[in-house]
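Engineer: The chain contents come next:
2 protein chains.
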Amino acid sequence: MPPELSAVDAWWRAANYLAAAQIYLVDNPLLERPLKPEDIKARQLGHWGTSPGLTFMQAHANRVIVERGIDMLFVAGPGHGGPAMLAGAWLDGSYSERHPDVPRDAAGMRELFRQFSFPGGVPSHAAAPTPGSIHEGGELGYSLAHATGAAFDNPDLTVLCAIGDGEAETGALATSWHSHRFLRPGRDGFVLPVLHLNGYRIAAPTLLGRMAREEIDALFRGYGWQPLFVEGDEPERMHREMAAAMDACLDAHARIVHEGDGRPPMIVLRSPKGWTGPREVDGEPVEGTFRAHQVPLHVPREEGPHLRQLEEWLRRYRPEELFPGGRPSPQVLSLVPEGDRRLGATPHADGGRLMVPLDLPPAEDHALTLGAPGAVTDSATTVLGRWLADLMRRNPRNFRLFGPDETKSNKLDAVFETSPRYAPGPVRDTDAALSPEGRVMEVLSEHLCEGWLEGYLLTGRHGLFNSYEAFIHIIDSMANQHIKWMRAASETGWRAPIPSLNWLLSSHVWRQDHNGFTHQDPGFLDHLATKGAEMVRLYLPPDANSLLAVAEHVLATTDRANCIVAGKQPEPQWLTLEAARAHLADGFGIWGWAADDPKPEAVIAAAGDVPTLEALAAVTLLRRFVPEMALRFVNVVDLMALQPPGQNPDGASDDRFDAVFGTEAPVIFNHHGYPGLIHELTYRRTGHDLFHVHGYREKGTTTTPFNMTAMNGIDRFTIALDALERSGRTGRGSDELHRYCRDMRARQHEWSHRTGEDLPDIKEWRWIDSR
Amino acid sequence: MPPELSAVDAWWRAANYLAAAQIYLVDNPLLERPLKPEDIKARQLGHWGTSPGLTFMQAHANRVIVERGIDMLFVAGPGHGGPAMLAGAWLDGSYSERHPDVPRDAAGMRELFRQFSFPGGVPSHAAAPTPGSIHEGGELGYSLAHATGAAFDNPDLTVLCAIGDGEAETGALATSWHSHRFLRPGRDGFVLPVLHLNGYRIAAPTLLGRMAREEIDALFRGYGWQPLFVEGDEPERMHREMAAAMDACLDAHARIVHEGDGRPPMIVLRSPKGWTGPREVDGEPVEGTFRAHQVPLHVPREEGPHLRQLEEWLRRYRPEELFPGGRPSPQVLSLVPEGDRRLGATPHADGGRLMVPLDLPPAEDHALTLGAPGAVTDSATTVLGRWLADLMRRNPRNFRLFGPDETKSNKLDAVFETSPRYAPGPVRDTDAALSPEGRVMEVLSEHLCEGWLEGYLLTGRHGLFNSYEAFIHIIDSMANQHIKWMRAASETGWRAPIPSLNWLLSSHVWRQDHNGFTHQDPGFLDHLATKGAEMVRLYLPPDANSLLAVAEHVLATTDRANCIVAGKQPEPQWLTLEAARAHLADGFGIWGWAADDPKPEAVIAAAGDVPTLEALAAVTLLRRFVPEMALRFVNVVDLMALQPPGQNPDGASDDRFDAVFGTEAPVIFNHHGYPGLIHELTYRRTGHDLFHVHGYREKGTTTTPFNMTAMNGIDRFTIALDALERSGRTGRGSDELHRYCRDMRARQHEWSHRTGEDLPDIKEWRWIDSR
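Line by line, the protein sequences give chains A and B.
One point on numbering: in our numbering, the residue at position 490 of the first sequence is 490, and numbering is uninterrupted.
One point on numbering: in our numbering, the residue at position 328 of the second sequence is 328, and numbering is uninterrupted.
Among the hints, erroneous ones may be present.
Copies of the same chain look alike in the list, so a pair counts if it works inside one copy or between any two.
[Unchecked claim] Calculated pairs, DMTMM-like style, for lysine to aspartate or glutamate (alpha carbon to alpha carbon, straight line, at most 20 Å):
1. 699 - 534
2. 699 - 491
3. 763 - 282
4. 531 - 559
5. 763 - 320
6. 599 - 655
7. 531 - 597
8. 531 - 303
9. 36 - 320
10. 699 - 559
11. 36 - 97
12. 599 - 417
13. 36 - 725
14. 36 - 303
15. 599 - 628
16. 531 - 689
17. 36 - 311
18. 763 - 725
No wet-lab data here; the hints were simulated from the structure.
On a predicted model such as this, the values are computed, not experimentally measured, just so you know.
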């Protein structure tokens, strides 16, 4: 082997030794004496199978980083191979910098092994405590999307993305192969995927592992790549071929940047599962089979053949040569990069360190000027779109907008004045707002939108994902995993906060009457709420200026998942920007202009734009028919503020909660989503038994906007009558209101079934202060 | 054109006319007089763009059904093209059979148009009220998975699956192209995908629409298909080519069945978006652009050029020829199949009609024989696996087990004795339990597992999806959509109930201590609960016999989504099969053998296997230290039974709830998942303020099983002390229990951090009746 490849091989053997030993050893880290039962972990955990492939890729990554002086981020799709990632970070010294209790010496090596997958230690995956990682890979499917997001607007970065053939079966990954079409060479960085065909999942072969080579080749050419194959199990030949492939890929990318055209290269690496591990155990083949997936050799804590086989396996790496005195040898370290170039130390993997806060445009420039509440009608997302256009103008390399083809249908298309959509293919003259210069990222895959955005955020940049409300559930699990990552990262003590993950859900449940039941689902709020207010905030701005106030707030936060639900249809406007900001700061509050009796008979509360509209209409009905009734109107913009400080660090105090909602009168709460969420957020409050929540009751179809509210009992008539009933009001005005509501419901039914539209009296209802 | 293709063309023009007219007309259905403003809908809704492609495919499907006498099911991925699907069903008469108010005559045609996307009418998509549909396509991505599931064990069925190029961008669809590898020719049916490249999503071009033809060809060859291209816009040539392609595909499939080998054929149909619709509107190109996606021509209800353009467009189809007297002409009907062969009438699209109940094995044959509660230790899923093996033996063509490679790791591998995994590729001698005869369907894609199972259920067969608990969130949105479909289907009045959708979540939050935080998420229960007890049931069997009782119950239900969470680790066993069945019938109840004081100072309740174990351990601690304390122990196996009858038709009455949980003593509730769910399910109960719920608090990492419970406060010490505190007990025994718990926590911490395992006193705890 040329000396250079000998050094690569030495690093690889060192990393393999460290990876295997993490699974097994609590002591005797350098095998300075024969292995004894007490050197062995009682509980052997970890994934060996993928590890030698991951160390192989890292070894070759190190070589090109050093030789070419490039910045590289390594994304380990098979993040289960935590031992391999920890081995790499320990070898390059970054691990000891982040974990000073694990120095790069014999004592540190012992601790590296002991702590792995151990109480009080570190997780078995490439998790937040792993230096150099932005991707845990606990749930599979998102590596290539994360890698792509990391490369956006990072023209000098190479993202080496290891993709397991198990992960390659997932939907998210299967469509991620199209991601390269969204990278603009020269503006964005270089994503180099290495598809690792080691052939097996936990207990069975993988699909791609058993496909013929010509099929694999056709598949990836079809996706638009130029695949290079590196296949085998003989280390020297594999090192030569992998080194040549890495060089060829980097050269090819340079040509593409220079010439502005060409097929992006990728590597297909076919190597045995559990490469260099036990060939056979108890007569069963292991290396190169599914049996190598996790712990290939179970070693009881007793003298016996398995203990001896483990020792024989580990000694084959020749630890005494690799770690003289417990430190990596000069040869092992000869191809390890330095400083921030180390894979474990790249600032791109600790994106908060690179984060530049957004230059937020003054919302004043875009806010609606209002007269009396309800006098102006406008579309909230249209107003936000103008502010976002301004934001994108001020932050031309630091912010992107993501969405599955819904920028226009969600009425954010003012952004196209600043940036069109990115064109992933040829542009025709009949296309609109589409350009290879675009920074609005549209693809009909919520997985890609979310994964790209996560990768962009994890590397320190900012973004917003806009989606239809119902279909954001497609990425429920990705949201879980990103929030878990943020939580774990914030507990490391060394990771810098990253920009928050922000969703704008428009085309929401109450205004999908034309699209039908499949498009009507407000449950993402409920899903996120399970993750707790330390990490999650839910915003239901009631109008355009509130949406602006929420947007400027969330885009300045870090380490949060912020979900905003706001309609796109023209609706009455209630708050000035100043009032909206104050309302947001409070989270919820009394709208005195609507109703503010100090001793109300009923409190009418609302969260969400449509529920607010209906609740205010209910107030006017009550005023008209029962003018002497004492009412209070409360609006909630920050749903999690309903939780007390014990559950939400920014939750409203009990005093404030009680002062706003009262503790005696019934609270008729009109909620955007499923009613249960309001009960859950308020159940620790004094007056929680007084809450009667209306919300989405899973009733829907293709109908009119008002009929949707009526089907679910959040309409003005239901709210007004419920307030009447629960306050115990009876008598003349009450009877008249009942009659009026009955009559209006009948008229609406007849009219809407005849015309397909809402009754003009309902559709054109405007707030009039009747006091 | 040959007469046969003239007939195809006539049907196509008729269907296009009907599709377009549904979007616009409330009257004058046959254009017997010039269009007037009042003939036009005020609100024009629907998707025109995809419709002519869908009608084109149906027209050609009809031809081969009639000519070859085959059974076919049509799955419309672009289900948004509801007008096309409704048109087809009206033309073949099946629509009028299901909707007698819409006969196949002029009056019926008027009603067909009026009701479309109209209050009180039918949704704009291929929804449950659409005869012949099993797939709405409201949320995109699942057509090919549904089609594949429909084809399993239906060797004589051809499933024609239309896939839009928008949908083709989704993750679920991108991996669904591998589905053909899971179809066994001769045993399973023929799935014929038609990728419809009409080039545009709602506002921009599609990825696949702008890929070069050679790239498309390579991509699908790489996926393993033999693609046939049909491209153009000239109807006659397109009819000839499509007919030839359909014949070639059916012939190729017959050869594959005969020879047992060969590449499955597919069709790539490239035709203009909004084909045959307006070429230009107001000077902007429409046909063949994104502008044709929804309503291509907005027609105000007034005289003017748009009204005239609409009339000109509709008259181009020559309705007077196609519908003499309002009925389809003999030529139009000449290639419409008859009876159950009609696409709108196939029983496969109303699977409940074909459903054969499962032959359930007696659980008695597999139940554990128990002595005293807790004396036997076993793994619940291992026991279930043996029952499932028996089930699969008794139902060799009617049941499949689905899962992402977790059958073995979830300890269900006894099923392999009856059926190995299906082998989607070559089998090697180092593989285990893998065969082309297999009926256990494993692929590392929750989307495929779920989509295949849904397709299998929708066509009347039975199945179970087993998954890791955390990752089932990947299909949150698919669960939503299937439940919405079942709800809408049950409201049609004519669709027969279909077998329930059943999930078994093992490898659950409390026993993923070795895999870390990413694998710890019990939120699928919360997600499902939003859909309501009419559709959803959540089961937390506390032991193996309970799991058997739940399994035999859910597999006999219809039109439900049943979620079962059960651990795979060996745990103490509590109930005989008889007791387990009685417990399940009750939903929840007092476990008298554990504690049953008629006037308890505290009620200790639990739902879930690990919470039950910890809660029972807490009871023994209280007995030991405070023997005079009056306790009651309650277990919940059917979570939704906590809801009152008003919310759950099978919910427990208030009397029973109060009798079991009491209305005076504090209830310390140890829950498997997030605590909020228990509050939500019980908040309407009298004593709900007495509930103090412990559950998963989003704390996790790689640690020991007990440490996981302690981090989240569901451990025995926390439960015992909470019961003590909330009951107001103080004094000697109480102080000693406090000391004991403090001591045990310290010992556990020290031991687990030293050995990586739980303290033997904790790990080996067994219930001993100490009364």
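Engineer: Looking back at the numbered hints, which does the structure fail to meet, lowest number first?
Structural biologist: 3, 5, 7, 8, 11, 12, 13, 16 and 18
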